[in-house]
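A.B. asks: Listed here are the chains, written in short residue letters.
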Amino acid sequence: MDKTKLMSMYELMVRIRTFEERVRKEFAAGNIGGFIHLYSGEEATAVGVCSAIRKDDYIISTHRGHGHVIAKGGKTDRMMAELYGKITGYNKGKGGSMHIADVELGILGANGIVGAGITIINGAALSAQMRGTDQVCACFFSDGASNTTRFHEGINLASIWKLPVVFVIENNGYAESTPVTYSTNIKNLAERACAYGIPGVTVDGNDVMAVYEAAKEAVERARRKEGPTLLECKTYRYHGHFEGDMQEYKPKEEVEEWLKKDPIPRFASKLINDKVATESELKEIDKRLEQEIEDAVKFAVESPYPDVSETFEDVWA
Amino acid sequence: MKTVTYMQAFNEAIDEEMARDKTVFALGEDVGQFWGNALGEYKGLAAKYGAERLRQTPISETAIVGAAIGAAATGLRPIAVVMFSDFLGVPMDEILNQLTKMRYMFGGIIKLPMVITSYSGAGFQAAAQHSKNMEGLFMTIPGLKIVSPATPYDVKGLMKSAIRDDNPVLFLLRSVLLAGGLKGEIPEEEYTIPLGRADIKREGKDVTVVAIGTMVHRALACANKLEAEKGISVEVVDLRTVIPLDKETIINSVKKTNKLVIMDEEPKTGSVAAEIAAIVAEEAFDSLDAPIKRVCAPDTPVPFSPVLEKFWMPDEENLAKAIEEIV
Ligand SMILES: Cc1ncc(C[n+]2csc(CCOP(=O)(O)OP(=O)(O)O)c2C)c(N)n1
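So the protein lines, in turn, are chains A and B. Heads up, the first sequence is in full-length UniProt numbering, so the first residue is 1 and it goes up one at a time. Heads up, the second sequence is in full-length UniProt numbering, so the first residue is 1 and it goes up one at a time.
Derived by calculation from the structure, the hints in this document are not laboratory data. Fair warning: there could be bad hints in the mix.
Just a sample of chain B residues kept apart from chain A, beta carbon distances all over 10 Å, derived [as the list claims (entries may be wrong)]:
| hint | residue |
| --- | --- |
| 1 | 66 |
| 2 | 74 |
| 3 | 93 |
| 4 | 102 |
| 5 | 106 |
| 6 | 127 |
| 7 | 198 |
| 8 | 232 |
| 9 | 245 |
| 10 | 256 |
| 11 | 294 |
| 12 | 322 |
Per the computed footprint, the stretches of chain A lying under chain B, defined by three or more beta-carbons under 8 Å from a beta-carbon of chain B, are [what the hints assert, rightly or not]:
| hint | region |
| --- | --- |
| 13 | 94-100 |
| 14 | 105-117 |
| 15 | 122-135 |
| 16 | 261-269 |
| 17 | 307-316 |
Just so you know, even glycine gets a beta-carbon here, dropped at the ideal spot from N, CA and C.
Next up, chain B with everything else stripped away, as it sits in the complex (with noise of 0.2 Å):
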């Protein structure tokens, strides 16, 4: 094993990807020499595959995304940047109508084998238009895998399987883990993560949460709080990937707690944790012995004020409090 940031890891796997694959590039705004996107975490590679394999475009993330859509279509594997995920709002066209309905309205005959990596998430202080999660939004749209790794080896075995899946993906690299410096330990060989399966990053009896991104490493140090406060052994699973979602993980942990909280960095309002209450309200009603509780942000863009953002953003304390009004 071996120590890397988030940023490396993920740095990792485009690399190693690019070398193992010539159909592999990258097309987007300063991912070229200088930067390697905005965050950095595309840097060296242009110095080491060219520029004609880390293209740098205008700014144009219609076209970005358009282009990787024809590339895509016509036998290369893509990965378009789109620098943080607010302005996936830009290109929304693309992939609402175009990405995500084309191998259906044409019978299967397509394959669109791309990525789109964008950052996500807030926490600093980057106020309302660099700050928004999106896979509430995007898990409304059939078509569309989507991940959201919280940690370092997640993001590379992740984004690995992401660069060779047959189906577009929507990458969501948490912008405070990246820009944070977020380390933890990788193997030295290569590896990869099946997209579509949770990953329980801490056994417990009592209750589970559900939780992704950012927010997995808030339910950890609140798990491991409780433990040592008060005695409370919380499960704690990571999503990774909410399309395709692990609901069989879900249901098996609700099984064993019988109690579920879900923490998600999203506006409560149409989530990623609606859609986990609904389905283990559904299919799993009979094993619960408490209401399901959601951890949510507010109804409301994010905002910039440090107070607010912090007020904004559910942490360890919103977590304790929902998890003690149920075990």
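Extracted from the complex, chain A is given alone in its bound form (with noise of 0.2 Å):
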């Protein structure tokens, strides 16, 4: 892989860190309302997911969904407004945090409801084989998502239509205060693929490059038009399910394991082993992010609230 790529996917995990470690300062101090579930320490699944697509190409989110629009190619700004509620966020401050979809860069959206996504991007996947294209379809949810309805509706209709999708289980070892090993009773969430007739991989979420060099398997498989391909990512949250949470479900200990194993430092032990980098190249990308982050808090500060006539609009089309 050339250096451009490899620098840009430690760009877009450092983004997304700088962004969300920045959110959490920002609801401590009381800037922002409602639910906020962090991203940080999952970066290299989005990443490594992302970094396998092309702009043309969906993805569907979760409630926990900031690295995914950034991975995608959101803009800070954009949702840095959208979590405060002003008018210059992605979605006119009606969705805020859990809710940001974007379109044009292929987003069609974070979701409140667990598992949700995984119907819905069959849709999207559909319409591509329909329309004739070869776009492609990630859709990344969770652990305790692979346990609902759609998990196993979702993924057998994928798999008997053949659909370009590929279903990125984020297995971050909870569901809220429930442990994975509690809510089910299988050791890797991707043996469930052969129950549906499609290949089930699990990787290491914490190395970008694995996730990479997995879901890009799975993309030319879905391009070749050979169908779905479940892939599990096994990684961890760093903070609690939603800002406020205390964590007293987790050992210390095992935080302390996967703090060793935290994507991004690894990421930059490896470009700067590999020659890719020097350790300076990379603290200016970190400057820069936090530049970047900072412009986009005062984005959000200066920006306008919608009008109260916004309430009206957009019900129909």
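Assembly of the complex is requested from the two constituent chains, each provided in isolation within its own frame, with the hints serving as guidance.
C.D. replies: In structure tokens:
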């Protein structure tokens, strides 16, 4: 892979982390309301998958969706404005954190209903298939969502119709306070693929290159019209389920173990070891992104709220 | 004009729209070549348009409605076929939280031009899980148009409009009219009926009866009888679409007759009838010369036994009694 692409993957991961940590601060300061579900720790999955697809491909996201939107090319100022409930946000401030969508970027929306994207992405994939394009779709969800009705109905349908979808389980170990070891009786959730006659692959979700390689293979398979793949990325969320969650359900040693596997320093070391980048080049990127997020907050703060007349808009086409 | 059944009229609507627009397709259980859905209203279309466009699915209501949403969001015009409206409880999240909220939550950046078709209503001993009307339940969800046609003419014209509409439409076919082979006249040539306009099926001057679906036929029978036997002149307004609700036609009719009876085959509580009564009380109270009457089903699920089901469904006698109490 060429340097530009590797550097852009690093940049996307840092953009997500910087955005998320700032959102955390803004929320704590009372500047942002509603529910905030942070993505910190899981950056390698969004970036690995989104780097394996094209601009005109579709993704669908989850309640923990900021990372997916950024990885697909979302602008942090418009995202921040959306979180602030401002008219300049991606969705005029009507959606907020859990409902960011940008159809032009192929982002069919984050979703407050666990697993809901699984059936909807099939429709996007079906439409690509029927319109005769070779677009593929990536559907993000997590271990908790993999226990819902729509996981089973959706993956079965995608399998029989050979829909071009990569179903990505971001297995971060928990669904709210419930550990995945409690909610399922299998070791790797990707094993469920065999029930639907499609490939199931489990990878280290904190290794962006491993995610990228696995996603690339699944995407190529989908583009060859061979159907969907179930890709499980094992990762970890650093913060609570939502901001304010005290995380008493997480063992301390477990947290420490995962912190050692942080996807960002890990990828940074790889880039330095492989002589793709120098430490100072990476520091430059970090600094630039600090500034970008600073500007994003400024943009959000200075943007106006929607006029109350907006309440009545956008119900009907 | 030609005479067709309710089912043929529906089938023609789909046929013409599929021929006209390549982005229109249907997906659902058994919609393919053999059955054309449980009662057969899609029959013959798979032979004509292929399995690609009459997509038979596994028994997966959640996946059907979800896929239709995704397809609609990305440029197609899907028809999601969910057999009986009672089964709409299965993909309820897709309807309640996705279909009807996405456009709004996303600040208007998408359109969802799709139709859900489903069988609705009691009257053929299908018992409680295959008989429910859903208008009252779904009308509380902003963002969904709701159509419930009573005649072959309306079925065809409204279905064509529903397919062309850029919004989600729930199209409720009356099972008894579909299965019972109700006949009526339709033009030979192409026509559409705009959504959101009620139809005065019979002019009258003493009392307005607002009815929907199967109840329209019962209201017309009752009106003819009251006219012949007692000289009471009943105006029958067929709602046809519940959302958008044609307030204007209802209120104008009430202003003419000064009396209102609403006939709705749903339990009274939280029904379409309740909404119409509230609207007229709020906006046309001064025109009323008598209390508003509602002729509805009891607040119970639909019973099986023919005796009980007949008692459960509002009929001509219930309506005549209500009318005579106020004229
Ligand atoms: C249908 C539904 N049930 C419950 C919830 C409440 N809820 C929100 S997130 C969540 C846990 C989701 O877990 P998982 O799918 O593992 O995603 P993660 O939060 O780990 O990314 C729950 C139960 C919901 N939003 N939707």
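A.B. asks: The structure should be examined with respect to each hint, and the outcome stated for every one.
C.D. replies: Against the structure, the hints come out as follows:
1. 66: violated (2 Å)
2. 74: The assertion about residue 74 (chain B) is violated, with a minimum of 4 Å to chain A.
3. 93: The assertion about residue 93 (chain B) is violated, with a minimum of 6 Å to chain A.
4. 102: violated (7 Å)
5. 106: It is violated; residue 106 (chain B) is separated from chain A by about 4 Å at its closest Cβ, not greater than 10 Å.
6. 127: holds (25 Å)
7. 198: Check passes; 19 Å lies beyond 10 Å.
8. 232: holds (40 Å)
9. 245: holds (14 Å)
10. 256: Fine: 30 Å to the nearest Cβ keeps residue 256 (chain B) off the interface.
11. 294: holds (28 Å)
12. 322: holds (35 Å)
13. 94-100: Coverage by chain B holds here, the residue count being 3 at a Cβ distance below 8 Å.
14. 105-117: The restraint on the region 105-117 of chain A holds, since 6 of its residues have a Cβ under 8 Å from chain B and three suffice.
15. 122-135: holds (count 9)
16. 261-269: Violated, because only 0 residues of the region 261-269 of chain A bring their Cβ atoms closer than 8 Å to Cβ atoms of chain B.
17. 307-316: holds (count 4)
Of the hints listed earlier, those the structure fails to meet are numbers 1, 2, 3, 4, 5 and 16, in rising order.
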